[in-house]
Amino acid sequence: MKIALTGASGFVGTRLLEQWRLGGTHEAVPVVRSYGSLAVMARFELPWAVCDILDPAALAKAFQGCDAVVHAAIGDPAQIVGMAESVYRAAEAARVRRVVVLSSASVHGQAPPEGTDENTPLHERHAMVYNTAKVRAEAALRRLSATGSVEVVLLRPSVVYGPRSRWIADAARQLLDGSACLIGDGGAICNGIYVDNLVHAIERALTVPQASGEAFLVGDAEHVTWHDFYRTLADALGVSMETVRSIEPPVFRRPLKERVGDWTALPATQKLLPFVPGKWKRLTKLLLANWQEPPAENAWTLPAERPSCAVTEEMTLLQQCRWRLPIRKARALLGYAPPVSFAEGMRRSIGWLAFAGYPVIPR
Amino acid sequence: MLAGCGAVSRFFYAPALTALEASGLLRVEALADPSPASLAVLAASFPRARQTARLEDNALSGRLVIVASPPKFHAAAALHALANGAAVLCEKPMANSVAEAETMAAAARESGALLAVGLYKRFFPACEALKGLIEQQPLGPLRFFTIAEGGKFGWQAASDSFFRKSVTPGGVLLDIGVHVLDLLLWWLGEPDSLLYRDDAMGGQEANCHLDLRYADGVYGEVRLSRDWPTRNEYHFFFERGVVRYKVNEANHLEIHADGMPILSGTLHGMSPEPGRLQLGAPLRTNPQSFIEQLRNVAAAVHGRAPLRVPGEEGVRSLRLIERCYAERAGLLDMPWLTPAETAAAEKTASSNP
Chain A
0 MKIALTGASG FVGTRLLEQW RLGGTHEAVP VVRSYGSLAV MARFELPWAV
50 CDILDPAALA KAFQGCDAVV HAAIGDPAQI VGMAESVYRA AEAARVRRVV
100 VLSSASVHGQ APPEGTDENT PLHERHAMVY NTAKVRAEAA LRRLSATGSV
150 EVVLLRPSVV YGPRSRWIAD AARQLLDGSA CLIGDGGAIC NGIYVDNLVH
200 AIERALTVPQ ASGEAFLVGD AEHVTWHDFY RTLADALGVS METVRSIEPP
250 VFRRPLKERV GDWTALPATQ KLLPFVPGKW KRLTKLLLAN WQEPPAENAW
300 TLPAERPSCA VTEEMTLLQQ CRWRLPIRKA RALLGYAPPV SFAEGMRRSI
350 GWLAFAGYPV IPR
Chain B
0 MLAGCGAVSR FFYAPALTAL EASGLLRVEA LADPSPASLA VLAASFPRAR
50 QTARLEDNAL SGRLVIVASP PKFHAAAALH ALANGAAVLC EKPMANSVAE
100 AETMAAAARE SGALLAVGLY KRFFPACEAL KGLIEQQPLG PLRFFTIAEG
150 GKFGWQAASD SFFRKSVTPG GVLLDIGVHV LDLLLWWLGE PDSLLYRDDA
200 MGGQEANCHL DLRYADGVYG EVRLSRDWPT RNEYHFFFER GVVRYKVNEA
250 NHLEIHADGM PILSGTLHGM SPEPGRLQLG APLRTNPQSF IEQLRNVAAA
300 VHGRAPLRVP GEEGVRSLRL IERCYAERAG LLDMPWLTPA ETAAAEKTAS
350 SNP
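The listed protein sequences derive, respectively, from chains A and B.
Residue 228 in numbering that gives the first Met the number 0 sits at position 229 of the first sequence, with consecutive numbering throughout.
Residue 3 in numbering that gives the first Met the number 0 sits at position 4 of the second sequence, with consecutive numbering throughout.
If we strip away everything but chain A, and leave its shape as in the complex, we get (with noise of 0.2 Å):
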């Protein structure tokens, strides 16, 4: 099959590359967007294209000859949005009979509630603007679908890891200078996929025909633990569990600059901003650039004996996830099963730390 993969320089994007290409399967048109993004798979020689994948008609021109279409491009909210529909279009001008999306499961949030598949209902009040970013895009191609000529199936990973994967190479760095953290004991459940797990779900969505108009939940097989995730590559760093801090949630307060770029970033208020006057928005950008934030900390203060904690709002919220996201409608319909384990996903990512230069310690 010939295949166009959009945001092939990603993560996701190398390793389909490397499989497709290694493996024979798929001829491969990698889609980016500047010249330097060709750096690694120029290990290849492959027939890459350059474009504004936000233009349909230059994403069109790409997508020339190719049966289906991977979008894996990711981008700020408004970029995820404008992409799904600029993918959808192009892929419907080039006759593309396929497009398979990588949406995410946090269309559903961090921590979704217990019970949560794909039948739950999505909402747009999520507290990270990117889910919000996603439920956005699925909604976009679901409307254009409808009506357009080109299959659209949907899959939602959420926590992919693997060579190249920030899961990985942040908790290894962060248990390397000190700065670990997990949210309570680390029971929750980290709902993972392994990224060749993802690429057999993703290989099973461009083929299986009654996949099309559907959403998948994609994860691995097991159940596992933030704490299972962390202590994996702690062993393999040859660092103690012991210092790895156990913490309360944290409050996080977002920077005013960032909400009103959320504000913006609505589709209600794009529609207003050509009615707004320049000099309002000039004066706007001015006030913003000058808004000084009120001091997060106090200086006064013993130097720290360790860094303090690395945690983001994203983890934070993932580390409080109670619910394991069910794969039973990509087993059943998708006739997904992963073909990778947890142990041997992990074994895999921490051979890509070593040759990334991490410590790991030989075994």
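Worth flagging that the hints you see were computed from the coordinates, not collected in a lab.
Ideal placement from N, C-alpha and C gives every residue a C-beta, glycine not left out.
Be careful, since some hints might not be right.
To be verified - From the structure, some residues in chain A lie toward chain B, with a derived Cβ separation under 10 Å:
no.: 1; residue: GLU17
no.: 2; residue: GLN18
no.: 3; residue: GLY22
no.: 4; residue: LEU37
no.: 5; residue: ALA41
no.: 6; residue: GLU44
no.: 7; residue: VAL49
no.: 8; residue: ARG163
no.: 9; residue: TRP166
no.: 10; residue: ALA168
no.: 11; residue: SER348
no.: 12; residue: GLY356
What the hints assert, rightly or not - Under 7 Å between C-beta atoms, here's a sample of chain A residues computed to sit facing chain B:
no.: 13; residue: LEU21
no.: 14; residue: ARG32
no.: 15; residue: TYR34
no.: 16; residue: GLY35
no.: 17; residue: ALA38
no.: 18; residue: VAL39
no.: 19; residue: ARG42
no.: 20; residue: PHE43
no.: 21; residue: PRO46
no.: 22; residue: CYS50
no.: 23; residue: PRO162
no.: 24; residue: ALA355
Since the structure of chain A is already known, use the hints to place chain B on it.
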């Protein structure tokens, strides 16, 4: 004149030449690039410079030509300039192959014109200090070194020619490796033996590992990447201490002499008065080192100073790079690939040397 108005000219040569113009040391007379858009960007910095599409459209005799076009055009541009009586400063890598580079060096010798190579990291005070530490041995002889350099590729490439093996024969080794190997040759001379592996599978390498051994027992490991952030540090283990140089921190070193606290700081010039410790001005920064390279070339053109990085030095580092590719010991171990993928990768790599 500046031949080639792409990213390296925009971000390095334009600000350096602007500073040198302001000091009255030189004047940018002409710009050459086939792209009107690229010319226009540089013309904003040098409004009085003549704008031309081709180097051949200019009178070159007695001028200094800076060749900053893509590497595949270096040889032709430099040979033309040398044949027409110009001195040449050629951006790194000097050429796409040793054969091209040798032709350029030979042309310079025959014409008697100056040919310099833009390996400007030799002008970093930290790199000069490291040469002194290795040669004068205040911490004892060097035993071992490790080098990790590179990160996610961030250069604003203007086309994909930089990533096409048919156009640019090497990846990260030819790109950032040319500086690293030039410095190693400058500090330590030719290695006795080497073991080189990379991850190219029919294209250019994004990661490479090079182990080097020298006649005096010194050995070292070089790890380069344009895939993933490395530590970007050089560590030198001497008999009585360790020295760390952080990539591109031109006037900064960290020195840990045995039994002493770690000394970390900016390098300063010494006061000329012997026996008295008085800090002079901080030594050159990274941009100032780039400017110093141009000053050295300008001084050498006028016969006021020896040229510090002549064409023959550019040939040396390219020769070592070609040796690495020729003696490639196989693919890097990529433990996340399945056995079948590894077999396919090895087959692809060996059929595309």
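Quick rundown of the hints versus the structure:
no.: 1; hint: GLU17; in the structure: 7 Å, holds
no.: 2; hint: GLN18; in the structure: 7 Å, holds
no.: 3; hint: GLY22; in the structure: 7 Å, holds
no.: 4; hint: LEU37; in the structure: 4 Å, holds
no.: 5; hint: ALA41; in the structure: 4 Å, holds
no.: 6; hint: GLU44; in the structure: 5 Å, holds
no.: 7; hint: VAL49; in the structure: 7 Å, holds
no.: 8; hint: ARG163; in the structure: 6 Å, holds
no.: 9; hint: TRP166; in the structure: 14 Å, violated
no.: 10; hint: ALA168; in the structure: 8 Å, holds
no.: 11; hint: SER348; in the structure: 7 Å, holds
no.: 12; hint: GLY356; in the structure: 6 Å, holds
no.: 13; hint: LEU21; in the structure: 4 Å, holds
no.: 14; hint: ARG32; in the structure: 12 Å, violated
no.: 15; hint: TYR34; in the structure: 4 Å, holds
no.: 16; hint: GLY35; in the structure: 5 Å, holds
no.: 17; hint: ALA38; in the structure: 3 Å, holds
no.: 18; hint: VAL39; in the structure: 5 Å, holds
no.: 19; hint: ARG42; in the structure: 5 Å, holds
no.: 20; hint: PHE43; in the structure: 5 Å, holds
no.: 21; hint: PRO46; in the structure: 11 Å, violated
no.: 22; hint: CYS50; in the structure: 12 Å, violated
no.: 23; hint: PRO162; in the structure: 4 Å, holds
no.: 24; hint: ALA355; in the structure: 5 Å, holds
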